[in-house]
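Colleague: These are the residues of each chain, in order.
Number of protein chains: 2
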Amino acid sequence: MTDTITRRNMMELGAGATLALTTGSVLHAQTGGQASVGYAVVGLGKLSLGQILPALQRTKNAHLAALVSGHPDKAKKVAAQYGLPETAIYNYENFDSIAKNPAIQVVYIVLPNSMHADFTIRSFKAGKHVLCEKPMAVTLEECERMIAAGKAANRQLMIAYRCQYEPVNVTAMQLMRKGTVGTPRLVNAVMGKQTDLSDPSDAWRLDMKMSGGGALADMGIYGINATRYLLNEEPVEVRGWARTDKNDPRFKTVEDMIAWQMRFPSGAIGDGSSCFSQPGTMAWQVVGSERRLVADPGCFYGGNSVRIVGGRNDPQPQVAEIDHFGNEMDWFGDVVRGRAPNVSPGEEGLQDMRIMHAIMQSVANGGQTVKLDTAYRRTYDPATVVGVRTSA
Amino acid sequence: MTDTITRRNMMELGAGATLALTTGSVLHAQTGGQASVGYAVVGLGKLSLGQILPALQRTKNAHLAALVSGHPDKAKKVAAQYGLPETAIYNYENFDSIAKNPAIQVVYIVLPNSMHADFTIRSFKAGKHVLCEKPMAVTLEECERMIAAGKAANRQLMIAYRCQYEPVNVTAMQLMRKGTVGTPRLVNAVMGKQTDLSDPSDAWRLDMKMSGGGALADMGIYGINATRYLLNEEPVEVRGWARTDKNDPRFKTVEDMIAWQMRFPSGAIGDGSSCFSQPGTMAWQVVGSERRLVADPGCFYGGNSVRIVGGRNDPQPQVAEIDHFGNEMDWFGDVVRGRAPNVSPGEEGLQDMRIMHAIMQSVANGGQTVKLDTAYRRTYDPATVVGVRTSA
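Going down the list, the protein sequences come from chains D and F.
For the first sequence, position 84 (counting from the first letter as 1) is numbered 84 according to my numbering, and the numbering increases by one without interruption.
Each number in my numbering corresponds to the 1-based position in the second sequence with 1000 added.
So here's chain D without its partners, still in its complex pose (with noise of 0.2 Å):
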């Protein structure tokens, strides 16, 4: 085993996306299964019951060691059905005690936003690694505890941002380095779905105290990130306006639309927009000097294309499915193991904090442009990385 990083380029494989990424697995399953890296996945809500323990039994890298939830009964029902023994549940009282289990390498954070800080903060006391879902927390400060107490454990934090380790728009991001669109000058981004207070899943997005954020920080979060992984610069300045209907009985606390806009360092221009009332929607494009890529659906869990417009007789991308939860955490399998870079850490969470803390900044003062810092710098560029990893 090596951690050497080879920035062999995903499409200098020869044959895209899909073979690059089942190369991994393909690698991995040749080292035996008990490289396996073991998850504790934290909740037992819409996403881990629909996504994640279902992704868990296709992983080559990962695997379901442990459930923590705070509803007994459920815990032990999905236990049984994913074979674990109940001594491999935890409630978040108890939570700490995975200390003590070495079959837990990975917590998985699929919380309510304001507990991600608490939790990956516990999971790193414990010696464990953390996935985190997006977005990172409630506020900034909670950002900087959560990546101060990975280094000061000598563990890895990375943000849940699946769509830098999915084929579509890591295509996308390649063709961008390739200059396909020429000189970008706009990136547009229109983020959103239907919620509903009496789904469980979207009540704690609804309460501001629980979420930080309505639309923005659930979904606007994606356009955000896209823009600046597609563009590969960070924004200097940033506005927003927010449109919420209060009268309406889910947006007591939280937004329901915001649009931005975002100025970056090159001239590009991001705009876009999130909203909570509208049906399901993860749609962006790019427009350059010579083409524009569009992705609609971009981000969705699966069924995402990009497509090259403006051009004469560009051949288009030909992206084939995979299974992005799985996926990502196999990926991060390979990143505690050393064999594959952490592309999304901490601090790639908190730019989207600060950038997303800046628009709501700016709603609240009427739109008013608020600069940002420009300190950051991502550590792996995804277009540069992604589907490559070291041998074992």
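If you're looking for bench data, these hints aren't it; they were derived computationally from the structure.
All C-beta atoms, glycine included, are put in the ideal place defined by N, C-alpha and C.
A few of these clues could be false.
Unchecked claim - Straight-line Cα separation of at most 27 Å, DSSO-like style, residue types lysine-lysine; simulated pairs:
#	chain 1	residue 1	chain 2	residue 2
1	D	Lys371	F	Lys1209
2	D	Lys193	D	Lys151
3	D	Lys178	F	Lys1193
4	D	Lys178	F	Lys1246
5	D	Lys125	D	Lys151
6	F	Lys1209	F	Lys1371
7	F	Lys1046	F	Lys1076
8	D	Lys209	D	Lys125
9	D	Lys371	F	Lys1246
10	F	Lys1076	F	Lys1125
11	F	Lys1100	F	Lys1076
12	F	Lys1178	D	Lys246
13	F	Lys1371	D	Lys246
14	F	Lys1178	D	Lys193
15	D	Lys46	D	Lys74
As the list claims (entries may be wrong) - Partial list, derived from the structure: chain D residues whose beta carbon lies under 7 Å from chain F:
#	residue
16	Arg243
17	Ile269
18	Ser277
Please arrange chain F on chain D, whose structure you already have, making use of the hints.
Modeller: Frame of chain D, contents of chain F only:
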């Protein structure tokens, strides 16, 4: 002939846009060719040569009666090509003598924007009706003088917003009025093209004195206009950010890219961008609480479509191609004969000018929000009247 405008909806005719639009032509054909309206086309640039003159060969209610050009050789050649006698050629100096030519009922002004006001007012003085290309003029004051001159002469002034007479956009408006998207949340428009200084039809667009604005005035206007006719309301606040590379020889006096945001009384937001250094793009989408409407392309001369996204097996609109320019000229032929409403009179052109000037003002003031007078209301909603003309 009657001047009653029946508000029978195009859709109610049972076979969509094409049939409805054809109906007018059929009705006219029954009245005999002498009722066809004679057009003087002023300006023989790319738009006239490539679109307008060929379209006038296929119109039923309109025919080419004269050419007005500053280039006598070109005018002679074009006149010969279209079978016009040399007596039907005018230049900018003797233009006013069209008053003595009863074969001309309409003047179609296809000149640089800075010449619109002058030629419109001269046309009215000559007793003619005016179809004027967009944007309406360079200044708001010019627009007001154009409107006043039309009223004084008791002649029609129509701004050539072909998309307000074009089935894909009219169908989209009708879907909006029917509530197909639910509550409208946001309209996003991406409008742009690649400009070339060495192309005479671009050169004047890149000269602030002749154009009155860059990408916003030339291409963004489609997005502004579409946002308004899709939402069927008027913005109360706007703002913009621009980005122009002043080292690019094309952009010495006009802007390259402007991104705008508009707020509407309903709470809907309009955002979009316009750019003079990107491939031809005329895309818009409406985000509603239930569905989206996506048109990409939405405002090209042909090949447009509108898609309903986010519903469950909604039947997709099927809209047949028509000749946009021919249809528009036929329509105005009916307007001047009292058989169809003037859906896009001077006031409609002035309203877009007001909005664009407010956006430019915002850009000049670092993106500050500019409030707009909300008094303007469209006289006719294209969604309810287009496609319906009275019988002869």
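Colleague: Hints broken by the structure, by number, lowest first?
Modeller: 1 and 2
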